[in-house]
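S.K.: What follows is the residue order along each chain.
There are 2 protein chains.
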Amino acid sequence: MSAPPPADRLFNFIGADIGNWRVIRVAPVVGETLPAVPCLSMVGGTLSAPPQGWHLRGITSNERYVTRPEKTELVARQEGLGRTGSTHAALIPIRKSAAWWAMTQDERRDVLEAQSQHIRIGLRYLPAIARRLHHCRDLGTSEPFDFLTWFEYSAQDLAAFEELVAALRASPEWNYVEREVDVRMVREV
Amino acid sequence: MSAPPPADRLFNFIGADIGNWRVIRVAPVVGETLPAVPCLSMVGGTLSAPPQGWHLRGITSNERYVTRPEKTELVARQEGLGRTGSTHAALIPIRKSAAWWAMTQDERRDVLEAQSQHIRIGLRYLPAIARRLHHCRDLGTSEPFDFLTWFEYSAQDLAAFEELVAALRASPEWNYVEREVDVRMVREV
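Sequences listed follow chains C and P, in order. Sequential numbering of the first sequence, starting at 1, is according to the working numbering. Sequential numbering of the second sequence, starting at 1, is according to the working numbering.
Hints were generated in silico from the structure; no laboratory data involved. Check each hint, because a few of them may be wrong.
One copy or two, it doesn't matter: identical chains are merged, so the pair holds either way.
Straight-line Cα separation of at most 20 Å, SDA-like style, residue types lysine to any residue; simulated pairs [to be verified]: (1) K71 <-> D106; (2) K71 <-> I121; (3) K71 <-> V111; (4) K71 <-> T60; (5) K71 <-> W100; (6) K71 <-> A128; (7) K71 <-> Q105; (8) K71 <-> L126; (9) K71 <-> W101; (10) K71 <-> D110.
Every value quoted in this text rests on a predicted model; they were computed, and no experiment measured them.
Isolated chain C (complex conformation) (with noise of 0.2 Å):
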């Protein structure tokens, strides 16, 4: 067993005139926001020519906080994403602070899940919630947000993402949160 290569953990999130989920809203959250688009497209791998309209990119990687028996109840409990009853998706990107940045590895993690209780959160939505974290920080561009997380769920769980978005914005983590844009789409059939 290897580890796939980047091209494999890599994505895009376009935001154009045509792609095959539709915008909803486009919505700043903290900072300044993205522009309003008509649809939005993931696509995988890196792109031959630069797209039409905005491009955000991030690569999926090994997790920064999980301990084992979380990733073990993870795993356990969740789904993947592209399910049939998914028409709604969240595209949430997000920039931290250098404050977050300068902490040690055991500070975030207090204030990750000791304080703000993340994991636990996430657990608590699981499966009707599934979500994908790319990352953004290290691609070594100059990329606008840190994390780009992709939320896919159905229409009757659209009260359950209001709670867990809200959960999560008024945890002590959220202080550290100086860039946050809500993207909210349903799928084009």
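For chain C, the structure is supplied; the task is to place chain P on it using the hints.
M.R.: Same frame as chain C, now just chain P:
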């Protein structure tokens, strides 16, 4: 205070016919080696054109394992790169196995420090051996290594440097190293 843009954190290591460090040895430790070259240069930022010779890239990032007490001790004792007396340097590119990356944060920290004393061993050689770690795994391109560590030291600290690398290579953490090359240099005056 804001985080430095990636251009300030990205470094290129170029093995070629000319350069500011003269290469005295390119030795395989585990797996495929790198081609022998007369010289090596370390160049910050994004290159405008692909260089002659071989080219490795890495990015400095937040620390992944050190705790606050360890960080305090490191900061108090370490010295920077570029000291007048640092006439010797080593570049040690490493690739870790899929088994390493599949571990959770607590498991990796356990192997790295509880079992291997990686941080403790490095502290023992401060300030003599200056060090900077560069990450490659999440650059978003296919990189041959996961980490590039750059070391600088004086001629009197040659034996100490051999002790340091021997201690790390004998540790349980090194069971997860699937490729390692050891490049040694002296400064070209």
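S.K.: Are there hints from earlier that the structure breaks, and if so, what are their numbers?
M.R.: The structure breaks none of the hints.
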